[in-house]
Every structure is written in structure tokens, then in C-alpha cells.
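Protein chains in written order, with our numbering: chain A, 19 to 241; chain B, 19 to 241.
Any given hint could turn out to be false.
A pair holds if it fits inside one copy or across any two, identical chains being indistinguishable in the list.
Said to hold, decoys possible - With a cut-off of at most 25 Å between alpha-carbon atoms, the simulated SDA-like pairs for lysine to any residue come out as follows:
id, residue 1, residue 2
1, LYS76, GLN196
2, LYS38, ALA176
3, LYS72, ASP96
4, LYS173, SER85
5, LYS82, GLU66
6, LYS173, SER197
Worth flagging that the hints you see were computed from the coordinates, not collected in a lab.
2 protein chains.
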Amino acid sequence: MARGTIAGQIAWSIMGTRMKLYDEHMPAPNPRKVRIFLAEKGIEVPRERVAMMKREHKAPEFLKKNSLGQVPVLELDDGTHISESVAICRYLEALHPTPALFGRDAREMAMVEMWMRRAEFRLWAPMGQVWINDDPRTAIVNPNQFPEYGARNRKVVAHAMKWLDGELADGRPWLAGQSYSMADIVLLCGIDFAKFVNMDMPEEATHLRAWHARVSARPSAAA
Amino acid sequence: MARGTIAGQIAWSIMGTRMKLYDEHMPAPNPRKVRIFLAEKGIEVPRERVAMMKREHKAPEFLKKNSLGQVPVLELDDGTHISESVAICRYLEALHPTPALFGRDAREMAMVEMWMRRAEFRLWAPMGQVWINDDPRTAIVNPNQFPEYGARNRKVVAHAMKWLDGELADGRPWLAGQSYSMADIVLLCGIDFAKFVNMDMPEEATHLRAWHARVSARPSAAA
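Can you make the complete structure from the sequences, with help from the hints?
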């Protein structure tokens, strides 16, 4: 994890390029996606914490790395900065293709992309509306909340979870099919963050709950 | 375009697999992304129109293809249905890699993914909030609009356009760098749909406007 660890150095030399990951700890769901991805790949990258509670991600020095002031950011030794967690993961997938987490052939790649996006547009997007409009913890940075709109989006999230439950009713083990993939990582981080914003999976969503238990049982989920 | 055309038949046999694209015409921005992508690749796929104004995308027969009732959908001959425009494009990129529109190496792939997502999260997302909450054309299907929230998101869209302008001020020709890519397609369809929802690029956004003129001058933009 730290640059000084042996595993970190091995990953460093395997990859043949120096890099550093600017990161934040739980509950931020986007940095977590990258940590789970790294754990599934069995690779480590030197990390530097950006303390979001101290607003370090909005400091001028960090804005040079990502003008949007968001973590995570992967810094390459040529000075390139990659932001957006899925873009970071795609970069690492290209350097380190096994196990494939974005699909192994055209059809699998399409299914992973489709399910990743469905998780983002159906669950993450309304969840984000709840988070910024109907959660007291964001009221400080967003004083003009629309709580009523946030509340309506809670229903959209619940509807999305029921829809996902129906889609998983065919008994497949993972969201995009027979292989664990980036789509599972995206959905897991979404479901867990939704719980953090007081939106748990409906009791009757037994297929979704079984999937969540399977994904959460993998050691990577603790990353 | 139609299955019967010679070009359509060539594409069909080059690809070695039968497929059909369920599509809708302008101004729907997501089907347009796929049409531009196909035009840039120089390939054609048999298409069947889904008349959204007639709500054909919500009909039971179509919901079997995409339970979310959205176009576009690509149907493969094994019965697989791929929805989400970017997932469809990734599938076609894997079958038909040249010219590469998702990047040629790890770094380019990451940049395309990053800029595609920045265009989606920064521009498309607030634009969607305007569209569903502050546009009379969606009031029929969404009678409980939050016009004030939509109006605020108009400012978020304007802010995003100014931010994009600043990012393009380095003089690079295309959004993700030196090569035209899927990121340009995503941003173009976003900017043009924003205009359809009465949010044009700010006059002072000269770099963004120059980029928009460059992208719009390509024959694919008419697709």
C-alpha cells in the first residue's frame, strides 16, 4: 500500500512505470472502486491520502492535478494525471490484463460497460441527487438544497434496486454475467453508499441481497 | 443504412455476425452517438426505427429487448441485446478496431474514458436535470417538475461549458488529445442537445466554440 512495501515495489517494477494514487478513505465511493479493483488484480500502487474533510481536494496544489477537485487521481511519471475512477481502472487493466475485469471479448466488454452504466445512471445518479439535496452532511457545502427533490429521488433509488433485483432473478452469479467484473465493483460501491445515505436494499429484493452478500464476501470488498 | 444496401451487406459480412440496431432519429442524443460512431468507422448496420413519440420504446415487445425502455439497442444474432450507447460502441470497436475511437494504448484509453465521463457527469447530468425539470416538452411525462431546480442546473451547465472552454485553451484539437475520439462524440451530442434545451455555449467560450466547429465540420456530425 505504502510506497515502501515490498508488494508496492514489485507492482511498480512489473508495471514498468512509476505512478502514485491520490486517494481518500471510506465512505467516499469513488476512491473505493479503485481500491477494490487493485485488490482484485492483486497489485499495489503507492498512495497518498487527500483529506477531503480538510478540503485538501479543493486546494490549489491539488487542482493542478484535477481541475475538478475530485479524488481519486492517478499520477504517472510523465506528469499525466488520470481522474475518474473508471478511467484509472481502465488504465490499470491495459497494463495488467489478468484477471480481466472489463471483459475478455467483444460481447463481455459490452456487457460490462452496459451494466456499469446501468448501475451509474439508474442507482448512482438518483443517489447523488439524494446526497446533495436531502442529506444534512452536505448542507454545509450546498446550503440551497431541494429536500423535496431529494426525497423523490429516494423513491427512484428504491425503484432501481427493485429493477436490479428482477434482473438478477435469472440466477447469474455476477451483474454482467458469469464473471465478476468492474460492473460488480461499481454496483457494490453504489449500494453501500446508498446505505450510508439511509437507503438500504428493500427486504424483498432477495436476488439483489444475495448478489450483495456474494460480492461483499470477497476479500477485495474490505479494500 | 437499410439492410438491403450494398454497404450494409458488406459491413454485415466483414463483421461476420448478424446484428440490427434499434434506433431513433434526432434530437435524441444517445442514438445519435452511435450513428456518428458508425459514420466515423465507415460501417453500416441494419437499423429499425423505434418511434419514441409514439412511445414504441415503452411497448412490451421492446421492453423484452431493454427492460429500461430506452434506445438505442443493438441486437446480435445470438439473441443478446446490448443497450447503452457507449456499450454498443465498445462492442463495435472490438469488432472493428480501426480507426480507434476509444484510444490506441493504455494512456489514450484512459484519457478517452476520462473525458467521456467528464462530459457526461459535468454537462450531460445537469443538462438532464434541466430537461426533466424545466422543459415544457417533458412536462407531459413528468408532471411533477421542479422548475426552480431545473433553472439552477442551467447555471451548472453554463459553468461546465466555461470549464470545458478553459480546458481546451491549451490548443489541442480534440477533447481527449491529438486524436478524434468517442469523447468528442459524447461532448458534441451533449452540446447540441443542450442547445435544443435552450442552453447554447457562452459567447466568450471561444475555445469550446472552435472545437465545436471542428467536430461539427466532420461529415459524421450529420449522421
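Hint check:
Taking the shortest Cα distances, LYS76 and GLN196 never come within 25 Å of each other, neither inside one copy (41 Å) nor across copies (29 Å). For the homomeric pair LYS38 and ALA176, neither the shortest alpha-carbon distance inside one copy (37 Å) nor that between copies (33 Å) is at most 25 Å. In this assembly of identical chains, LYS72 and ASP96 lie within 25 Å of each other by CA distance neither inside one copy nor across copies; the values are 28 Å within and 53 Å between. Only between protomers do LYS173 and SER85 lie at most 25 Å apart by alpha-carbon distance; the minimum there is 18 Å, versus 33 Å within a single protomer.
For the identical chains of this complex, LYS82 and GLU66 are intra-copy neighbours only, at 16 Å inside a copy versus 47 Å across copies, given an alpha-carbon limit of 25 Å. Taking the shortest Cα distances, LYS173 and SER197 never come within 25 Å of each other, neither inside one copy (30 Å) nor across copies (42 Å).
In this structure, the hints that do not hold are numbers 1, 2, 3, 6, in rising order.
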